[in-house]
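> These protein sequences, in sequence, are chains S and B. Going by my numbering, the first residue of the first sequence is number 1, and it counts up by one from there. Going by my numbering, the first residue of the second sequence is number 1, and it counts up by one from there.
Because the hints were derived from the structure by calculation, they are not lab data. Values in this document were obtained by computation on a predicted structure and should not be read as measured data. Hints should not be assumed to be uniformly reliable.
What the hints assert, rightly or not - Straight-line distance between alpha carbons at most 30 Å, and here's what the computed DSSO-like set of lysine-lysine pairs gives:
1) S/K206 x S/K18
2) S/K269 x B/K18
3) B/K206 x B/K119
4) B/K151 x S/K242
5) B/K206 x S/K269
6) S/K3 x S/K151
7) B/K242 x S/K269
8) B/K119 x S/K119
9) B/K54 x B/K145
10) S/K119 x B/K3
11) S/K151 x S/K18
12) B/K18 x S/K206
13) S/K18 x S/K54
14) B/K18 x B/K54
15) S/K54 x S/K242
16) S/K206 x B/K145
17) B/K119 x B/K145
18) S/K145 x S/K206
19) B/K145 x B/K122
20) S/K122 x S/K3
21) S/K3 x S/K206
22) B/K3 x S/K54
23) S/K3 x S/K242
24) B/K206 x B/K18
25) S/K122 x B/K119
26) S/K206 x B/K206
27) B/K18 x S/K242
28) B/K18 x B/K151
29) B/K151 x B/K242
30) S/K3 x S/K145
31) S/K54 x B/K269
32) S/K269 x B/K151
33) B/K206 x B/K54
34) B/K206 x B/K151
35) S/K122 x B/K122
36) S/K206 x B/K269
Number of protein chains: 2
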Amino acid sequence: MLKIPVHQVAGHHAGDRKLGPLVDDSGRFYKPLQSDDRGSNELSFYTSFSSNMKIPDHIRRFFPTFHGTQLLEASDGSGLLPHLVLQDLSMGHLNPSIMDIKIGSRTWPPQASEDYVAKCLKRDRESTSVPLGFRISGFQIYRTKETGFWKPNRQFFLSFSADDVRSALRKFVSSNGSADSDPDCAFASVVYGGSTGILAQLLELKAWFEDQTIFHFYSCSVLMTFEKELALEGRSSGAEIKLVDFAHVVEGRGVIDHNFLGGLCSLIKFISEILTTPDECYPPKSCLQDSEKSHFCSDDGVNE
Amino acid sequence: MLKIPVHQVAGHHAGDRKLGPLVDDSGRFYKPLQSDDRGSNELSFYTSFSSNMKIPDHIRRFFPTFHGTQLLEASDGSGLLPHLVLQDLSMGHLNPSIMDIKIGSRTWPPQASEDYVAKCLKRDRESTSVPLGFRISGFQIYRTKETGFWKPNRQFFLSFSADDVRSALRKFVSSNGSADSDPDCAFASVVYGGSTGILAQLLELKAWFEDQTIFHFYSCSVLMTFEKELALEGRSSGAEIKLVDFAHVVEGRGVIDHNFLGGLCSLIKFISEILTTPDECYPPKSCLQDSEKSHFCSDDGVNE
């Protein structure tokens, strides 16, 4: 009855002798509690968040529903392990295009140990986290029934530049999304734009982050999802954002989460620019910057 | 004709054998060009900023006017040195209350050297920069004609906590602003509030930072100024903000300054709370938190 989720784009994957999340047919997602502080931390967050009456409903919908914990046979065969029981975000989706974006230029909380800070800081500086305030951790982009998904492996994202991020956010909403094609941004307005699109949702989240001082979300991701086939049929694309990964959430203690907010505003600016400069989505080859021409095509890490 | 400025609350001070800025009677402020990269960097910024046509006037007014450079006898007697010629922000002020707030949880640019990052990171973590997204670098608070200014020395600010910052922002607009008194926030609404007050100005600046991708302002300060005597007379308090210190400004390269923006939003939240919870400004002793009772009184570093 429990299966390995097929639409996971970042994080630990379950598999032969590997510990990772599982799903069932009823729409539940089982995430093994990490044995160190991260597990108890994430459980604390879900417990606190789900019982906090100050979270407005229009914000709560951006978080996976929490159904407590359950002892389950772990996916690595190591025996019974407590799992967080969460909403399976891929439930009801057929062929979702998904992007996982880790928000914040700093992935470590202020009170972290020297060693942990050094480890995170290195990763933050080598990725786009420090310069851009966020980094793309993974994505899958649906192409066609025949060709399936474009789902690069983890290596692909490690050396991403600002231009790579710009291009990936365009390819995510293109009809021809793949490593070696120029983005046409065919679905930009229906996925990113509109009163219920991803930009509108990010702006709602931003307004909350300008005010809330309950939680600080370090190393947390925004997951963007939509259904290309729905968009092709001219129906609503089902575009939505969710926040995931709360192993490093700490109390806000009366201060806003300026680190998350700053990164969120940066992401909002990147997405706004796709909507306001659609002409850059059909660029004649001669108008392309050299860096834009080559950066997807030359990457050997593409896992197609 | 050149004098040492009397209203400087942070940074290098000119003096006997010390290099620092000078002012004249015509409203000009002469800042010695630091001999390392910082000097040329700050000059580049002023040159670029003053000629950039994309800076709207309602934002330009938040920056000191730039009048080029001039060779002057340095304040430390070391001979002729190039100085930036800037607007003297204290010109026209009699007894200004001034607070210098360094914005951003990170005071180092992404491309900084390992050594520089380590030095800044240590200072950012030991101060409120990392937890709050900004730190108070200095202030002077005018009391009365007889008692003059309360102007703590640099040591006073080094161990500031979040509660110290909350308290200082309240004392800044109190009629009884001093180390050992509870803030009454008598001038909060006239200085921070209103359509032309400091909060409104910070919100204008915020809107620009949500969009501008020209500059990233590392280790830059917001200077808040007002005249207590004007406020006492029931006239406009002359409350205004200015940005100062651009030795670590770098090009934005199409990305917003999420580091500055996050810190600015955090400061905005602190100031908003003073306006929305005025009752916390006249606290009966028994309602005070222990930390609030003691944190100014017990500090030996106060330089009154």
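> It remains to establish, for every hint, whether it holds in the given structure.
To see whether the hints hold, each was checked on the structure:
1. S/K206 x S/K18: violated, 36 Å
2. S/K269 x B/K18: This hinted pair is violated, its Cα atoms lying about 44 Å apart.
3. B/K206 x B/K119: This hinted pair holds, its Cα atoms lying about 28 Å apart.
4. B/K151 x S/K242: violated, 48 Å
5. B/K206 x S/K269: Holds, because 14 Å separates the two Cα atoms, which is no more than 30 Å.
6. S/K3 x S/K151: holds, 20 Å
7. B/K242 x S/K269: holds, 25 Å
8. B/K119 x S/K119: Holds. B/K119 to S/K119 sits at ~17 Å (cutoff 30 Å).
9. B/K54 x B/K145: Distance of about 44 Å is beyond 30 Å: violated.
10. S/K119 x B/K3: violated, 49 Å
11. S/K151 x S/K18: holds, 20 Å
12. B/K18 x S/K206: Not satisfied, since the Cα-Cα distance of roughly 46 Å exceeds 30 Å.
13. S/K18 x S/K54: violated, 38 Å
14. B/K18 x B/K54: violated, 38 Å
15. S/K54 x S/K242: Status holds; Cα separation ~19 Å.
16. S/K206 x B/K145: With a Cα-Cα distance of about 46 Å, the restraint between S/K206 and B/K145 is violated, given a limit of 30 Å.
17. B/K119 x B/K145: violated, 41 Å
18. S/K145 x S/K206: violated, 36 Å
19. B/K145 x B/K122: violated, 40 Å
20. S/K122 x S/K3: violated, 35 Å
21. S/K3 x S/K206: violated, 35 Å
22. B/K3 x S/K54: violated, 55 Å
23. S/K3 x S/K242: holds, 22 Å
24. B/K206 x B/K18: violated, 36 Å
25. S/K122 x B/K119: holds, 16 Å
26. S/K206 x B/K206: holds, 13 Å
27. B/K18 x S/K242: violated, 56 Å
28. B/K18 x B/K151: holds, 20 Å
29. B/K151 x B/K242: Roughly 19 Å between the alpha carbons, so the hint for B/K151 and B/K242 holds.
30. S/K3 x S/K145: holds, 23 Å
31. S/K54 x B/K269: holds, 18 Å
32. S/K269 x B/K151: violated, 41 Å
33. B/K206 x B/K54: Cα-Cα ~16 Å, so holds.
34. B/K206 x B/K151: holds, 29 Å
35. S/K122 x B/K122: Cα-Cα ~15 Å, so holds.
36. S/K206 x B/K269: holds, 14 Å
Checked against the numbered hints above, the structure violates hints 1, 2, 4, 9, 10, 12, 13, 14, 16, 17, 18, 19, 20, 21, 22, 24, 27 and 32; every other hint is satisfied.
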